[in-house]
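Novice: Given next are the chains, with one letter for each unit.
4 protein chains.
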Amino acid sequence: MRLLLSHPEVEIGALTAGGNAGRRLGEFQPHLLPLADRVLEESTAEVLGGHDVVFLALPHGRSAELAAQLGDSTLVIDCGADHRLQDADAWDRWYGGEHAGHWPYGLPELPGARDALRGTTRVAVPGCFPTVSSLALAPALAAGLVGPDVVITAVTGTSGAGRSLKPHLLGAEVMGSLSAYGVGGVHRHTPEIAQNLSGVSGEPVSVSFTPVLAPLPRGILATCTAPLTGDGAQAREVYDKAYAAEPFVHLLPEGQWPTTKATLGSNTVHLQVAVDADAGRLVVVAAIDNLAKGTAGGAIQCMNIALGLPEVTGLPTTGVAP
Amino acid sequence: MRLLLSHPEVEIGALTAGGNAGRRLGEFQPHLLPLADRVLEESTAEVLGGHDVVFLALPHGRSAELAAQLGDSTLVIDCGADHRLQDADAWDRWYGGEHAGHWPYGLPELPGARDALRGTTRVAVPGCFPTVSSLALAPALAAGLVGPDVVITAVTGTSGAGRSLKPHLLGAEVMGSLSAYGVGGVHRHTPEIAQNLSGVSGEPVSVSFTPVLAPLPRGILATCTAPLTGDGAQAREVYDKAYAAEPFVHLLPEGQWPTTKATLGSNTVHLQVAVDADAGRLVVVAAIDNLAKGTAGGAIQCMNIALGLPEVTGLPTTGVAP
Amino acid sequence: MRLLLSHPEVEIGALTAGGNAGRRLGEFQPHLLPLADRVLEESTAEVLGGHDVVFLALPHGRSAELAAQLGDSTLVIDCGADHRLQDADAWDRWYGGEHAGHWPYGLPELPGARDALRGTTRVAVPGCFPTVSSLALAPALAAGLVGPDVVITAVTGTSGAGRSLKPHLLGAEVMGSLSAYGVGGVHRHTPEIAQNLSGVSGEPVSVSFTPVLAPLPRGILATCTAPLTGDGAQAREVYDKAYAAEPFVHLLPEGQWPTTKATLGSNTVHLQVAVDADAGRLVVVAAIDNLAKGTAGGAIQCMNIALGLPEVTGLPTTGVAP
Amino acid sequence: MRLLLSHPEVEIGALTAGGNAGRRLGEFQPHLLPLADRVLEESTAEVLGGHDVVFLALPHGRSAELAAQLGDSTLVIDCGADHRLQDADAWDRWYGGEHAGHWPYGLPELPGARDALRGTTRVAVPGCFPTVSSLALAPALAAGLVGPDVVITAVTGTSGAGRSLKPHLLGAEVMGSLSAYGVGGVHRHTPEIAQNLSGVSGEPVSVSFTPVLAPLPRGILATCTAPLTGDGAQAREVYDKAYAAEPFVHLLPEGQWPTTKATLGSNTVHLQVAVDADAGRLVVVAAIDNLAKGTAGGAIQCMNIALGLPEVTGLPTTGVAP
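Chains as they are written, first to last, in the UniProt record's numbering: chain E, 1 to 322; chain P, 1 to 322; chain C, 1 to 322; chain Z, 1 to 322.
Everything labelled a hint here was simulated from the structure, so no lab data went into it. None of the values given here were measured: they were computed from a predicted structure. Possibly wrong hints are sitting among the right ones.
Because identical chains share one entry, a pair is satisfied inside a single copy or across any pair of copies.
Stated by the list, open to error - With a Cα cut of at most 25 angstroms, we get these calculated DMTMM-like pairs of lysine to aspartate or glutamate:
1. Lys241 / Asp149
2. Lys166 / Glu254
3. Lys241 / Glu203
4. Lys241 / Glu254
5. Lys166 / Asp278
6. Lys241 / Asp231
7. Lys241 / Glu11
8. Lys241 / Asp115
9. Lys166 / Asp37
10. Lys241 / Glu311
11. Lys166 / Glu27
12. Lys166 / Asp240
Looking at chain E on its own, in the form it has when it is part of the complex (with noise of 0.2 angstroms):
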């Protein structure tokens, strides 16, 4: 809501909640200055219906049936995974229950990607990680510099897991603290990882993933790393090659090595690259804002590219530092 306030192409219409409708926005939100005196609603079809473009962040299973009261004249952008997995058996092992088909990926600067998302009227924007580390490994696999069998760690400040009342984001548990979590491969982005990496790989990769939960509300730093198996003297070109047309993908110069807080507030990735001759590794560092091109960003630039307005119409490129 933040991002759409300054988009010049949006007007806000129905803003709706769960447990929280018919209350004032402006109790939990109050940096929404603009909005603080809204009314939540209800998150129906009656409500959201009429609307050019419909944003869901719904608990997994429920996009489905309220995009089909919706209707195809309506853009619905999905932040939540019911859409993000291709293949069935892979939801069900994951989230559980009947997979509600795919959508087009919102991640447009895969391969491929942003010619689905032109005219679409269904988007599934993907998770925060697999943002972040896809972006990260992609050039690399589809170049050919690195084997497909990856190590991902990736560490997030706490607004990722949401605004759940869990003893442990409690603040004074968080601060002055690090811990993992979804260790050994079973937090829910692994397959979204992997099915993004095999796509551009066009074998399948093995991807080892964990999340460590660190004291900052915001941001995604992810190391990623991937046995080198071509030349390592190329990588830097190779990665500005890919990105070096992407409005969001910024490769700082050599020697420069990305803060989490260069993007904050934007919908920016930064990201650098080193070979470790030693290890016979090549190492990706890349951060983002997980509340900006980690999800709401991105599905603004998605919701840009399908309606057909300039890629960039509305998203920041500068972040808030320090």
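Fit chains P, C and Z to the given chain E structure using the hints.
Specialist: Then chains P, C and Z, alone, in the frame of chain E:
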């Protein structure tokens, strides 16, 4: 000094410094209230001579000469890097200049290390990253569970960088941000980790090591993975056996993952293991307080062993949380 | 419990809980490694009976009945609010319901308080804000240096709010933000501060008290001001005299200002005084760890006095920093 | 620069620096992606001449000469202290040396200030603490609600101290700690606050001001109290009336208290008032982003007024949260 103050067999003698010699300790370390009015002296053999034990934390290349002046009747515990590496070429490559030789290595939990520490008058205390990384991976390598090709991403609080006045360590830069540094195998702790793990494994171990800076004062959480070559179902038993008798290394109950805060101020390592069957990797996550077991606590543990005191004397196993 | 574990005269008996009875302590408090496998019991007189000392930290209105069941042979130390206020009307106004009566007040550094604690079997431990605020202002009021009209702004870490699951205490909300709460004299610690300061002053003291929530886990820094009515030049001497013999209250050297971190984990109060001649006010800044001297450490200090042990037994004066 | 980049009427000209002249902006400010490759120039009249607007942020004592060289056709907006104080003696006491004279004061929301800014070619932008403190107390003083004797405790993030390399500003020192500084009325923002409030009140206002450093990058929360002399029941109406038409000053709904995060990155002030009948004081709590409305945003607001643009042009009222 905090830990030594509550060590029942220690009387604190001279306190020395570099550029701050001549000033009150309380100016810099007001938390050390019982020592606040002590005046810092010069780090010379004249001042340090006559003590039973001397702890050094000097810029590299400086401890050998001072230790020689102190003679063999003094137990010299070097918290710096000078005597950690066994190989003179490795020293020259990573630090430059002439190798001062290696001393008994102060990580008692490594196979054979404790014996070498008993009765010694010289100890090379390991760095913080090598401590946590080596203890995380040694049992799996020793048991042949994993192959000699490990990937480590270690997230650290900013005290690991000391009190040097660099812009990127300012509070306003650090808070709310994550950054990587020393990427691509260029951090000086890399050869020390490789030395430890190769020693345990019996064959050269390749180490991909990436440190990440996170916004907390102290604490390291290391995510360590290696390709499974043995029976993953035995992983827990291997670690349980390796550390059951160790007073400071704690394998958490199944399902519970380490947090750095649980180790804050204590000499403990908390760790947990998982097998990622899809990726074919073992994942070990380990947490320490870099300013306790990381170096300073480990140094006291080594002192206890060298002097023939009970190893746990004066060393807390209880963290300060939240 | 962390402090009691290193208290040489204490053996820890039953550990009890409310909703978490029946679960392992290590699930919630993994930093208390030596107690991690203890199972929490119900907070009943059956479980608690037979101990020499019982510490209570119950919702208000609940400790009187339990204490009565335990009888006079048990030293009951109430960390809750029930027996702090002397005035039944004040109790009714601020907490509601019938007053349980007042017990000897556990702030030994207040004039007369220590005598009332010797040999007692009942102690009402003060709240964290009253501890730091009362010790900051009592000497000036007792000496007639300032008028009975004080303004206190106390900044606190979030552990002061306990482990209740409220949205505004989530890490993502707390980190990077400051907020005030209980503004306008409505915080329940206000009458307790007024009671303490009025007792010292001999006349009613009016208290303007505002707590501010800041992004750190623990620590309180109170800025306390009052109009100068005496000779400001004597301020330092007044405080020096008041606290010179106190083991836990430390007036910093001139020019050095308190930091909460210097008190972290310790039972100390660090304070400093200044005279603002332009504004005609005395300003006292005082720091504590709210989870140590704030309540838990103070409770053990009172136990020592009540049992006739040396007052400082088992209580650190050394903080954990940085 | 972040704000100017999205200002529709601004084209960014020369960027200058002190010691860092000659280096890429992106080395220091990687979040300003569109300007990352700009090279910093020297802060001389040659470089700065020919621009319509020049923003200065120089060490004190340096802006008058440069402004004179730039001439009257350039709008010079001084973010430093040189031209804030009206009284030469006050300047000499607080800063030392000769007074450069005072310029129209850049806090448009103060009575009369906006008129003085229209069409001016010189603006003295206020400091961050004077901005938030003056706006918090001005309405009550102007309305005669409170007496001229105010107490302010302002908690601030560490960016307020700039990027100077001082040990107490290092991340490891700042995180997990609170500290006071400039206690006893010695902070240089004190006379500026007194000047503003005395101007509003019509009589000398005595100011007790204490800044507190907290572990967050940016944000100020000021708790401002004064003795009630008027009818407290009118407090809300007084503030409502004062700020109803102000685009950047927002009185929160009753029962909701300001958080700095709601203002992060925006040019807004959020405030709330309460009457403490027991203490006989009005309490106003106000939050700003010290790097937005605190100085930089306020500077742009003044530029808009001086140039005759709509005052709100290019200035967000939406914060970046959480």
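Novice: Decide, hint by hint, whether the structure agrees.
Specialist: Now for the hints, and whether the structure bears them out:
no.	hint	verdict
1	Lys241 / Asp149	within (23 angstroms within a copy, 30 angstroms between copies)
2	Lys166 / Glu254	between (41 angstroms within a copy, 20 angstroms between copies)
3	Lys241 / Glu203	within (22 angstroms within a copy, 39 angstroms between copies)
4	Lys241 / Glu254	within (15 angstroms within a copy, 46 angstroms between copies)
5	Lys166 / Asp278	neither (42 angstroms within a copy, 29 angstroms between copies)
6	Lys241 / Asp231	within (16 angstroms within a copy, 43 angstroms between copies)
7	Lys241 / Glu11	neither (37 angstroms within a copy, 30 angstroms between copies)
8	Lys241 / Asp115	within (19 angstroms within a copy, 54 angstroms between copies)
9	Lys166 / Asp37	between (28 angstroms within a copy, 22 angstroms between copies)
10	Lys241 / Glu311	within (20 angstroms within a copy, 43 angstroms between copies)
11	Lys166 / Glu27	both (20 angstroms within a copy, 14 angstroms between copies)
12	Lys166 / Asp240	neither (42 angstroms within a copy, 30 angstroms between copies)
The structure does not agree with the numbered hints 5, 7 and 12 stated previously, though it agrees with the rest.
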